[in-house]
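Generate coordinates for the entire structure from the input sequences, incorporating the hints supplied.
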Amino acid sequence: MNITSAEFKCSSPRADMCPNTDLPEYAFIGRSNVGKSSLINMLTGRKRLALTSSTPGKTMLINHFLINQSWYLVDLPGYGYAMRGKREMDKLWNLISHYVLERQQLTCLFLLIDIRHEPQQKDLDFINFLGENGVPFVIVFTKADKLNRQRQTSNVAAYMEHLTQQWEELPQHFITSAPTRMGREELLKYIEKINKSIK
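Be aware that the sequence shown starts at 130, since it is given in this note's numbering, and climbs by one per residue.
One or more hints might be untrue.
Straight-line Cα separation of at most 25 Å, DSS-like style, residue types lysine-lysine; simulated pairs [stated by the list, open to error]:
| # | residue 1 | residue 2 |
| --- | --- | --- |
| 1 | 176 | 275 |
| 2 | 322 | 138 |
| 3 | 251 | 220 |
| 4 | 138 | 176 |
Simulated restraints, written as ranges between beta carbons of each label pair [what the hints assert, rightly or not]:
| # | residue 1 | residue 2 | range |
| --- | --- | --- | --- |
| 5 | 280 | 216 | 38 to 44 Å |
| 6 | 199 | 291 | 35 to 41 Å |
| 7 | 216 | 282 | 39 to 45 Å |
These are calculated hints, taken from the structure and not from any lab test.
All C-beta atoms, glycine included, are put in the ideal place defined by N, C-alpha and C.
Dropping the structure here:
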């Protein structure tokens, strides 16, 4: 898939305020500082489409980007940032869960995981939440450039092995790096394949 156009459309403070559209949506979510904005910019080929920040947890809105005039890329807030208070965390979870569970246009959720780390409980809990509610999703391992190829393979294998404790059929996964553009073609092909299947 070639990205010929990518434009920011709107930011929504609640799921029920998102655009009224029949276009498919591919949403990106992950723990704060997982490299979500960098990945979105890499995928779209736009350096500053999604603004990156050195401050974790900056995104507090649902951001819609119209791609090729035919589908939406959705940037969801990061979760798990410990510096937030309970009230703010509850508000954030309400925003995320309402979008994930109730947004009919959501076609696939891309769950970002930092490939360098061992399985984190917050990520595992979220994965199980998605499975229990039948939300279509894939796992996207980020920051692969920080590890050599052998460590990439072993870390992903260990992660998927951990998931077998609760999952009979493992979710599909991709390995990516924003600086090297690793995984870009695979992710865009995956989105293109789904788009063609739902036309």
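Status of each hint after checking the structure:
no., hint, in the structure
1, 176 <-> 275, "20 Å, holds"
2, 322 <-> 138, "24 Å, holds"
3, 251 <-> 220, "17 Å, holds"
4, 138 <-> 176, "17 Å, holds"
5, 280 <-> 216: 38 to 44 Å, "39 Å, holds"
6, 199 <-> 291: 35 to 41 Å, "37 Å, holds"
7, 216 <-> 282: 39 to 45 Å, "42 Å, holds"
Violation of the numbered hints given earlier is absent; every hint is satisfied by the structure.
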